[in-house]
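Peer 1: Chains as they are written, first to last, in the working numbering: chain S, 1 to 368; chain X, 369 to 578; chain H, 579 to 1124.
It is possible that some hints are incorrect.
When the alpha-carbon atoms are kept at most 30 Å apart in a straight line, the in silico DSSO-like pairs for lysine-lysine are as follows [unchecked claim]:
# : chain 1 : residue 1 : chain 2 : residue 2
1 : S       : Lys282    : H       : Lys866
2 : H       : Lys924    : H       : Lys866
3 : S       : Lys282    : S       : Lys160
4 : S       : Lys241    : H       : Lys1004
5 : H       : Lys1075   : H       : Lys924
6 : S       : Lys84     : H       : Lys924
Chain S stretches covered by chain H per the calculated footprint, using a threshold of three residues with CB under 8 Å from any CB of chain H [claimed, not checked]:
# : segment
7 : 86-97
8 : 285-296
Hint data in this document are derived by calculation from the structure and do not stem from the laboratory. Keep in mind the model is a prediction, meaning the values are calculated, not measured. Ideal Cβ placement from N, Cα and C applies to all residues, glycine included.
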Amino acid sequence: MSSSPRTRFAPGSIWAWVLLASIAIGLILTVVTGSVGALFPPEAATAQGREIRDLYTIVFVIAAVIFFVVEGLIVWTVIRYRRKPGDDELPPQTHGNNLAEIAWTVVPTLIVAFLFVISWQTLNNVEAVSAEPEVTVRVTGSQFAWTFDYLDAGGNSVAKQTVANGEGGILALPVGRSVQFRVHSVDVIHAFYVPAFLFKRDVNPDPDGRESVFELTIEESFAGEVLRGQCAELCGLGHRKMTFEVHAMTQADFEAWLVEAQQTPSPAPSGPVGTTLQLVAKDITYDTLELEVAAGEPFAIEFDNQDVAGITHDVDIRLADGTVVANTTEIDGGTSTTYVYGALDAGEYTFICSIHPVPSMTGVLTVN
Amino acid sequence: MTSDSHALTTTEHSPVAGLAHDAHGGISNPILGMLLFITSEVMFFAGLFAAYFASRAAVAPWPPAEFEHALEPFSLVFPATVMLVISSVTCQIGVNAIRRDDRAGFIRAIGLTLILGIVFLLIQVYDYGLLYAEGLTVAAGPYGTTYYTLTGFHGAHVFGGVIMLAVILYRGMAGQFSSRHHDAVEATSIYWHFVDVVWIGLYTTLYWLR
Amino acid sequence: MATTAPALTPAASGYRSGLYEWLTTTDHKKIGILYVANSFIFFFLGGLLALGVRTELAQPGLQYLADENLYNELFTMHGTVMIFLFIIPMLVGFGNYVVPLQIGAPDMAFPRINALSFWMLPLAGILLFLGFVTGGAAAAGWTSYSPLAQDRPLGSVGPGQDLWIVGLLLIGTSSILGSINFLVTIFKMRAPGMTLFRMPILVWTVLVTSVLVLMATPVLTSALVMLFIDRNYGGSFFDPANGGNAVLWQNVFWFYSHPAVYIMVLPAMGMISEILPVFSRKPLFGYKAFVFATAGIGALGFSVWAHHMFTTGSVYLPFFSLMTFLIAVPTGVKMFNWIFTLFRGKLTFSTPLLFALGFLSMFLIGGINGAFSAAVPVDFALHDTYWVVAHLHYVLFGGSVFGVFAGVYYWFPKMTGRMLGEGLGKVQFVLMFIGFNLTFFPMHALGLSGMPRRIADYASDAGWNELNLAATVGGFLIAASILPFLWNVFVSLRSGKPAGDDPWEGNTLEWATSSPPPPYNFDHLPEIRSERPVFDLRHGRAGSGH
Ligand code: HEA
Ligand code: HEA
Ligand code: CUA
Ligand SMILES: [Cu+2]
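Take these sequences, add in the hints, and give me the full structure.
Peer 2: Here you go:
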């Protein structure tokens, strides 16, 4: 080697400043994000969520202190101990220090022990379920719909709401009352998630119908608010569309809503119908992908959903470009219905399950 | 600084300076490699066993009523088990023989081991046929799935072992092994013992622990 | 050595060779370089997939996706490629190149198996990508939760998922064979005098990593095999519809994949543990504590897997919470040892040190935001949101990828005999550092405000627009930072400054041979009396206290 590395690579203390600048940019980002998006979860809408938020705050403060101390130490060391140009001396060759090692083993251990204890306490409160909840909702997840069944004391459904692909019913909940959720899935894993609850729970499939149970109580101050809910576990094509709305209501409003929801309006088929076709759905597949009707007269489809309860289907009619011609209400697995459609002009249409827009549930309707 | 300060101490002057194989003594590289490989195999089977116990815990009764008598421990499988255990012994006899430079003894013992291994496999195939006829298939629920997966992967390992045995038998007959040079034999025998131990674990779990 | 100057013209050392030589080589150095090059190719591919993800998420509304399933394929393949074809093999590649050199061995213990391990990777990569042209790549996430990953309507029909399984089986086998190779090499082939506690830290981290691979990867293999049986032979392991158990998959998968995250970071930690001392001209602070911390992380790593399953409602939460918290302790020990290595040093700000400092400052964030999730109730809020995406990129990119670039700049001179340009290196660092934070920091806020992972689109009134746009801009900035790097490599290979044997005043044995080293690495070995034999040689034993 002919020249020393030091003359080839001038230490250029400027690079310490570049690094510093980069870190500063990182920190600025932190602050910016902190003020725009807030590094805190939204205000909690449930009593349980409030506990979680309090826990989050403690964790956050400790984390921030650790972050600033350690990051500060890094930055300070880097700036302080730059090698000066021409300095050829070796720094003192310290190999370690047992006392220091013990200190930075023990202190973090104490910190995490503390964090563990408080999160365990919070966990116990959050997971508590009462023997006799004031309201019980059974949540059924399916690709890609939510069904909310309001159960009476005997466990029977007294009202039902279905939200398919984010459209349809709502999840109405009273404030100030303990609501027990019993969740399960009929196909793949979903997750029931309402950001404002600061809570989610996986919705697992279980052929024996075993449910996962948790309880929440919405804060009084949230009466009248509409909260966003969303499936949080990847469940396939329509995962992102598995949204729903939580309507927090005063107890009186909730009672009224429940009474209204109990009277399930069944759309009465009306008028004379030309052809009546049969269509069966099973295993997320129509039994035929080709249907034919005559132009210019109303027709009907007797639709039989033979999938298990919880898997809903419908039979919409669309144009090639996706324009919806007929929008039907979906029916639950194990039930059947008769859809009545208005007269169509001659041509080719698509009939499709709006919940499962997959090839096996997308057929051609020829009108001639 | 000049490279003069780099004047390196000569330790050994060969392309493999630092190989230092003997400096560490102990077992040879291939045998250590085989032991580590077997460690990984143990973890592989641990994964399968974990799945077995999880499936089993969820199915009551176990075995399901229709397969109550499917896995009969004695008629076929017991002799097969005994054979595999004996083959471990003969395998070790073969290893001991080559350690003494007894090549004929080595060939005899390993040949016998090989035959026992093959017979074990044949019995297993025959047994599969019987079970299939009874309707116990991979797709027949957790019981069938776990049974075939566990025994199937074990069988695949026996098959691998049989190949290895065949190779060392061939090499032994070609006179490639001696008391000083027979790492491949040692490695194969370790593997064969492992396959045997797994079977004993499987046999007790699948056939006795019911 | 100065007289022959072999490094100036690699050909002179008889080292340069044709394509055939590269395809058939069993030399650990060439295989190491193949690993690194191959991993970079997959890094770029995985990065392009990520840019696809970011482009789609730049604004609400579907930007360009006609087939929405493609989005699921994009992030699934992005995660899979980055983890299994980029970061793990990349670190194996550095281990392959450096470990035999650092312990004074002529090669790996099993050179041909070493070559086999490598060649399985491009094959696996091809299989994984084949999915795109056979009706859709795997789309169930890199975690492939069952039943979504099952062959069922609206699940994972078609060969993509099977190709994914087979690809991962190959990669797993490659890893296992590699780990055996490393362990035998490290246990049996150290030069005289190289006792266990004189091994460079990188060697220690590769050792612990190999143990993790050896114990964890076969469990993944078993899980994959079972999933394959479920999908193709009607098995009943993981599909409740067939009497299986969906959560079982998660248990086996994470039993592997949590230790795997340390497989993805420990060697990178080892790399910066080589670099920090060299550029601060001090020994690593607390060598033994560091070794024990590494082993501790490895051991604890096997008892925390269910922290990925806190919301399943079917694991014993307090136990896994405690273990997950505890793992912060040995990691903290390392962090402080690194900082005190710098402390009172004389720091030279060459590019390797910059990237190593990038590792320290960013991994810290990733570690801390991971610890949030150890508090189970907090994880109820954070799980499966962009917070977790932020966490995983802060540890994997902020940690491992910065570590990898530190290693590239540090060992490139040894591998090729030429220096990488410092100016371009620094440009790359600054761009990448800023782009990285711009991409992934906003994700904390996104996650907290409830944006779930793995969605192709989001409501425009959810308040996520600006943060997503920032992340997308940042993603392209990272991509832009790759360009000076590629240019740097290209230029330096042709006309980079000759490196000489020891351009950095290194500590470890690889700097005691030529650059690049001859086929069996060493003509002579210096005496080994500490973990810094080349330092001892340079400065006498004066500075060394061992
Ligand atoms: C290199 C990879 C890597 C590494 C090193 C880590 C390190 C850690 N991870 Fe991370 N993790 C991932 C990769 C990694 N992780 C990935 C890929 C996922 C997502 C998988 C998916 O779902 O796709 C994930 C997800 C993940 C989860 C699940 C989140 C969820 O889905 O809900 C959790 C939960 O606990 C977690 C925790 C941790 C912890 C506690 C550490 C700790 O090891 C960190 C320890 C380090 C520090 C804490 C910093 C230094 C310490 C100090 C300065 C001491 C003082 C500190 C304290 C007292 C706190 N990780
Ligand atoms: C080492 C691991 C690693 C790395 C390096 C990265 C790098 C990046 N990741 Fe990561 N990511 C993961 C591992 C990683 N990721 C994992 C495990 C997941 C979870 C997957 C799942 O949910 O299943 C994930 C998920 C994930 C998501 C969430 C997707 C979702 O949930 O919907 C996003 C979103 O922004 C994202 C973005 C990025 C970006 C922008 C980069 C950038 O850093 C990329 C930078 C860009 C490049 C490197 C491209 C450079 C290329 C060129 C300049 C062109 C040159 C080309 C040639 C020469 C051919 N990633
Ligand atoms: Cu249902 Cu995601
Ligand atoms: Cu983990």
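Peer 1: Each hint should be assessed against the structure and marked as holding or not.
Peer 2: Quick rundown of the hints versus the structure:
1. About 64 Å separates the Cα atoms of Lys282 (chain S) and Lys866 (chain H), which puts this hinted pair outside 30 Å; it is violated.
2. Restraint check for Lys924 (chain H) and Lys866 (chain H): the C-alpha separation of about 23 Å stays at or below 30 Å, so the hint holds.
3. Simply put, Lys282 (chain S) and Lys160 (chain S) have alpha-carbon atoms about 23 Å apart, close enough for the 30 Å limit, and the pair holds.
4. Annotation: proposed proximity of Lys241 (chain S) to Lys1004 (chain H) is violated, straight-line Cα distance about 44 Å (limit 30 Å).
5. For the suggested pair Lys1075 (chain H) and Lys924 (chain H), the alpha carbons sit about 24 Å apart, so the restraint of at most 30 Å is met.
6. A threshold of 30 Å between alpha carbons decides the hint, and for Lys84 (chain S) with Lys924 (chain H) the separation of about 8 Å falls inside it, so the pair holds.
7. With 10 residues having a Cβ less than 8 Å from any Cβ of chain H, the segment 86-97 of chain S passes the three-residue criterion, so the hint holds.
8. With 1 residues bearing a CB less than 8 Å from a CB of chain H, the segment 285-296 of chain S misses the requirement of three and the coverage assertion fails.
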